[in-house]
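Number of protein chains: 2
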Amino acid sequence: MKRSLGPRAAAYPTPVFIVGTYGGHGDPNVMAVAWGGICCSEPPCVAISVRKATLTYGNLVERKAFTVSIPSVDHLDVADFFGIASGRDVDKLAAVGLTPKRSDLTDAPYVEEFPVILECKVVHVAELGLHTQFVGQILDVKVDEACLDVDGKPSVNLIRPFSWAPVENHYYAMGERLGRGFTVGKVFVSENA
Amino acid sequence: MKRSLGPRAAAYPTPVFIVGTYGGHGDPNVMAVAWGGICCSEPPCVAISVRKATLTYGNLVERKAFTVSIPSVDHLDVADFFGIASGRDVDKLAAVGLTPKRSDLTDAPYVEEFPVILECKVVHVAELGLHTQFVGQILDVKVDEACLDVDGKPSVNLIRPFSWAPVENHYYAMGERLGRGFTVGKVFVSENA
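Respectively, the protein sequence lines represent chains A and B.
Here the first sequence stands for residues 43 to 235, where the numbers follow my numbering.
Here the second sequence stands for residues 43 to 235, where the numbers follow my numbering.
This is chain A alone, in the form it adopts within the complex (with noise of 0.2 Å):
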């Protein structure tokens, strides 16, 4: 039996992006977002929502690029006051010790303590209501080498990223891997061929 909770904005799992962008003295600010994903595979774009208010939104639209940095659960605290303080009351990267790094490809910077890293430059805007929703093309992704299995590929179980469950509003680890994609789904082709 399904109960209706209306109108509300969840879905699971729901990713935690840090978003780098620079204001308009080229002071970094980084900001919490937990409204996206990946949106196009070519050429591979990543959606990230941000309302109006925000200091992001600012210096998204005035430069046209940023970053999203991917947390580990060791900066859960970290990632989650981005999503607390604003940017223009404090330097939220100097206040947790970590490092800003400017990007080489687009005019954002990123935090270079997190484990991955896409380098975005805006190719489209969308005003959907309370949120905008800023589409980036992604120029590179960065990912530490610790994280990184046997086959050079990045790796869940190194990476160790998490997710924030919206309503609920509770962190989630990431749990144990269950298989392979388009493959567990096979037995459904045998038995329809």
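Note that these hints are calculated values from the structure, not bench results.
Honestly, I wouldn't trust all of these hints.
Since the list gives no way to pick out one identical chain from another, each pair is judged satisfied if it fits inside one copy or across any two copies.
[To be verified] Calculated lysine-lysine pairs in the DSS-like style (CA-CA distance at most 25 Å, straight line):
1. K163 with K94
2. K44 with K94
3. K44 with K163
4. K195 with K44
Using the hints provided, position chain B relative to the given structure of chain A.
Structure of chain B alone, referenced to chain A:
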């Protein structure tokens, strides 16, 4: 030390959404989508990206309506199958013995056996390249009563959704609960107040 992987569609965690649509003759179709996520709080909206080559793309253009059914780990193999097979070749829901349920709110079917359902109407379309992004306004969220906690909120521990890891191409379960949002980062607010 970071390694550059080049422009890639990779972010973590990435969801597995089962997108439900009707075809020209009212035949229900479902498709697994990993490129998507919530993109606005008010009105609540979710984005999904699909390739033009898919049956779902035509259905979305025609009906301007879709559902997102979020599977639990119990249906991992089924969800993977929904990403392998095409609705042009097989009635995917019939093949796996699951039930297409007609939404009362939008012109699309959802998977009755899955724990979380989003019923959506298309409000924005963006041509991004290989993928087209459809933004759907969420008209209702329906959740299995067994997946609601004592406060009536959907709980990830009870829903048991899973994630698909790009590049690595593995599915992952969700893990332990780590802490409350907008709370665990307050340690840094007090330090800098």
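TODO: Could you work out which earlier hints the structure fails to respect and list their numbers in ascending sequence?
DONE: 2
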